[in-house]
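Here the protein sequences come in this chain order: A and B.
Residue numbers 191 to 613, in my numbering, belong to the letters of the first sequence in order.
Residue numbers 6 to 311, in my numbering, belong to the letters of the second sequence in order.
Treat the hints as calculated values from the structure; they're not laboratory data.
Values in this document were obtained by computation on a predicted structure and should not be read as measured data.
Ideal placement from N, C-alpha and C gives every residue a C-beta, glycine not left out.
Among the hints, erroneous ones may be present.
[As the list claims (entries may be wrong)] Going by beta-carbon spacing under 8 Å, a handful of chain A positions derived as facing chain B: (1) Ala246; (2) Glu247; (3) Asp267; (4) Lys268; (5) Ile273; (6) Ala381; (7) Val472; (8) Ala579; (9) Ser589.
[Said to hold, decoys possible] Derived BS3-like pairs (lysine-lysine); straight-line CA-CA distance at most 25 Å: (10) A:Lys606 with B:Lys65; (11) A:Lys370 with A:Lys253; (12) A:Lys606 with B:Lys45; (13) A:Lys544 with A:Lys557; (14) A:Lys544 with A:Lys522; (15) A:Lys251 with A:Lys522; (16) A:Lys557 with A:Lys492; (17) B:Lys67 with A:Lys422; (18) B:Lys67 with A:Lys606; (19) A:Lys253 with A:Lys513; (20) B:Lys45 with A:Lys268; (21) B:Lys65 with B:Lys159; (22) A:Lys253 with A:Lys522; (23) A:Lys298 with B:Lys45; (24) B:Lys45 with B:Lys65; (25) A:Lys298 with A:Lys557; (26) A:Lys557 with A:Lys327; (27) A:Lys422 with B:Lys45; (28) A:Lys492 with A:Lys251; (29) A:Lys327 with A:Lys544; (30) A:Lys507 with A:Lys522.
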Amino acid sequence: MKKTIALLLTLVMVFGLVASMPAYADEEIVINFPSVWVGTDSKAPYMAQLIEQFNAENAGKIKVVVEEQTDYQGARDKLRTTITTGNTPDLCILDTTYDILGYTASGKFMDLTPYLAEGWGEDFVDGACDAWSVDGKVCFLPFESAVFTPIYNTRIFNEIGWDHFPATYDEFFQFCEDAKAKGYNAMGQMAGENAWSSMLWYSLIVEAIGGKDVYADGLDNPAFVEAAEVLKHMYDYTFDGALSAGAADVNGHWLKRDTAIYLNGPWWVANLYKEENAVDGVLLADDCEVALNPVYEGGQGKGGLVTTVQAFLAAAKQDDPAKEAAVVKFIKYITDPAHVSELALSSGAMFFVKYEPSPDTNIISQKLTEVANSADFTIIHVNGAFPTAVSTEFPAAVSALVSGEVDAQGFVDQLKLAIEMSE
Amino acid sequence: MKLERSDRGPLVAFLGPAIVLMMVFFVIPVIYVVVLSFMKWNGIAEPAFRGLRNFTLMFKDKAFVRSVQNNVIWALVAGFIQVPLAMVMAIILSRKPKGWKFFRTVYFFPQVISGIALATLWRAIYNAETGLLNGLLNSIGLGNLTGDWLGQIKTAFPAVLIYWVFYIGYYMVIMMADITTIDTSYYEAAVIDGASDFQQAIYITIPLIKNTSLLTCITLASVMGLRQFEQVYMLTNGGPANKTSTIVLYMYKKLQDSNYGLASASAVILIIIGVIFIVTIRKLFEGRGDKAAQRKALKKARRALK
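Bound-form chain B, shown alone (with noise of 0.2 Å):
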């Protein structure tokens, strides 16, 4: 479509303000983090060329290379585990059984409360000494199975991210929202042919928000996977030896170090993962447009049940 000369006026108007916004607050502190990681400086003294000398320090560090794992493996955690629950649980709600409202909200609650609040608790949970979850396995008998989970090496990391991984209340709700568009037709047609629920939910429902709503949240589940912060830093610090680390977090203590070099290196670093994470995910979901997806679907559906 070509742009009259009358729409250049209200177009720029529009977008104008959107544009500068995002130069000032993201575009500018991008390119600027980017020359930051090529320098060294304090904060203080003047910032000094050191080349890819801050690259190669950090892939040195053991402490970042783990860093980078655990983000990796976090993202894939919660696109592939956390969002596939949350996706079960709003296929079974939309179906309204008793009590749905009820476990909607108990779902939801925890993404209204802060998440220091919440590692707050967890590491009250987790306390080998007063912890809920030594007691509780001492009761029924499993003493042998209490430990420091927090500061062993072998159930640091698991014990971060597995209490996370049940939090699916924010992807639940926007996949619900979704399934509530789907026209209820295809589900009439499909009960007729004498689909069952599960069959209904495998051939109707998850291709037809797989473009949409699926994939938004794992897109937004994966992000928020790379980008772990407050719980880490809440629970274990980073510990033990380093072993609970993430990319964030190495980054806040660079720049409690006055590493302001280091720090901007490692969010590079961060950047890229987190670009090559959302390509990767694209592409992946990458289908057609909605009535073909929805064509597809019912084809599918129809064949299965011949």
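Chain A on its own, in the form it takes in the complex (with noise of 0.2 Å):
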């Protein structure tokens, strides 16, 4: 009897541990997918259908499964959370450039450069991936790019008496004045949530003061200081309650047409052109125009652009070798230029990998590419530049600035204590 229940007893431990064991290769993997592509996001649709056909085309072998996240910060904390933790996602999206420092160093991402090296590479914008590399791995593989210069309504600049945009910050406030004079805002800034389109419009002027070596200092180079006083002064050309306003508030103001300027990511043209959006049948994008960013007297900036890394994508480190191909497998799926071409159609998105534009791409998006393309150097904007901590900081500082508690200095020295806390 005994020896019944030992051997019983062992045929269950056995099966357990066959049972937990990793996956056979017949068996269908499953790829855990968290993505902020997902609900309202732009990408959203052609994402979702890429998704389904990569799993048609590959039923039975694997499967990926999308963990939907509405919520930017949400992904991120999460994210961070599941590396801390040692779950790191067999695929993610990170958006913050500073962290893949971090988290490169960390070891629980796959290195990517051997496979770019089999010839992947030569799909991607020449030196991007390079340009992320950390200690020569790509572990983190730029995707989606993204270029910040400004878009102003024709018709209410018509209506103003201004037939162009402003080529200096000079002009710039001077029709910042005529816009009020009739009624306008001139552009919307906000210092809520994440304070988002003031922290691109700072990034502007830090680049038109600058220039391309201004993050060379760190926070020390005295054009952050002047910038503030610059976004400062844009303040008094925005709509009442920007101190406590949102991404929301911006862009209902922007689509209300009672803003003459909007300044956000290229992922946003196609709302411009959206029905829904249209005032007695006009799309919006009818009256869009794409600017440059204003030359700032005795500036450095002249010929440059404000850019970033929107998405990076990123996979965990496997141990099984056939989980591993069939990440890369999705993730060139993914990157693959034809797939890339319809997202950045359906999206307006621009993307690191060099792809032939649809014929039926907007005219917008084509003029931004057309900005990024002729740009004499780039830049990227003020929370990429800086650790996490400076992007957390930035709506209490420029809170504080516009509301008078501190000075361009204050506002500057805020943030360096907010990176000093944090190294």
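Dock chain one against chain two, each of which comes alone in its own frame, and use the hints as you go.
In structure tokens:
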């Protein structure tokens, strides 16, 4: 009896061990993919289609399971927690450029360099992958790019009596005065939430004043203080309540056509073509024109452009070679130039993948691409250039600056303290 | 009382699971947080000891100092304005005036709505351009008082605090339940002696709930005030200029920055403030037992009525 019980227990144990072993080669491999390209995100419809297509093509072998993350900040927090706790997702999207240093050093991400060297790297914009490699490893693949340049409403400009976008910041503020006199907001600012719009405007001013090497000395470059003065001045020409406003307020004013200039990433272009945003049958895009960042008198930024990597793709390091191959296969599928071309067309977003733009690409996206291609140099936006602590502190620093709690130097000092605390 | 040997087994069986759970989910995490508060750790690399630097940096940061101040104000307002308001309502409704059930439901109703939803609602009410509050002020000719309630330094914190003060239902229900357990003969005797409703409340009800539900509610409310997060996060995210920040929000922001050492240090300060609050409240209310309190209350009532 005892022997029978011992045998049964052994069998149960063996069965338990076998059941918990890695998947066999002929079993379906499941790729866990927490994605922010869901819900109302402009890339969501085509990404969903692409994943469905991939799953159908690999039915029974590979299955991509999307974990929907509709909130960017929530997604960042969750990603950090999963990495910390050793549960790095099979595939993930990262939009905080500064974090790639620490994440790569953690050794928890797959090194994609060997795969890129096999020819896949040719699909990417020259130098893009190398630019974001850490210690010679490309764990974070630059995928979605973004350029930040003003888009303006020509109808409002005409009404105010302006037939061109201001070429200099002096002219810019003259325009702001004229817009205000006619009851328009010159631009949208927000110090609530993550102060995204103000951070972008600040980045543009910093670029215009400091030029391409503005980040070389960290926040010690005097351009940051001077740019803070300019940013504060801009708040005189935005809508009421900007200090507590969020993205919805800025976008709402722009869509209501009471704001003359809009600044956001290219992913927003799709909204300009939406029927629901049309007024009297006229699409907002029909009244829009792409502009260049004005030149700052005495500044070094002429010809420069503010950009960023809006999304990196990264995969967890795998012990199972079959799973690693499956994950790489899926990343290659997403970054396939033909698929990226479709994704760009449907969303308006820009990418680091070299693709043939669809002839149906909208005018605004085409112009943004022209602006990107004609830039003499680029810098990334302020949030991307410094540790995350700066982007966390930015809204508080802006509201302190605009409220008069601190002066421009105090604003920069507040950001410096945030860096000091994070080091 | 001395334990018999035969009592030890059941004692261990009953207390054991609770002690294990307490250790795993409370004691060990708290010790871990205290240890981390002396470390520099980004969650990825190995933690490195940095002594008191997290604490010195934190107290150098105006945002943290402001967060501590706000939390203390919040806890005091909760304990000494919100709970007394709840107590007044509990006493009134315990007298069962006409429609008391309706009002009890109305006051309690916000408790079943999530804090996030309420904050979203109030964010809309406070909106500078389309908010109900500014609309109301404009419609009654007080347009000069309108403003960006959540964006102006002077109004942001009061705006965040004020609406919350009136959500008294939870404490009101606790105190109402306690009031119903008071022996009605006390009130009958007081009525015979000619005591008014107000005198009955002051000399019978309040003394008899002081050491029970009132103390519980003040402790709970103060603790809730100290751990405020979601309302502030949703309404202002600590802005403008960190003027509405709280310790938990500060901690959350440090976690966002992968600064686990600083986040833990702020948690340690929160624990210390919490302990100080609870001990102080206990000391303030430390009194005699229930029977002694009842006797004292009755004597006091009789003296007052003579």
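Fill in: Violating hint indices (sorted, rising)
The structure conflicts with hints 1, 2, 4, 7, 11, 25, 26, 27 and 28, although it agrees with all the remaining ones.
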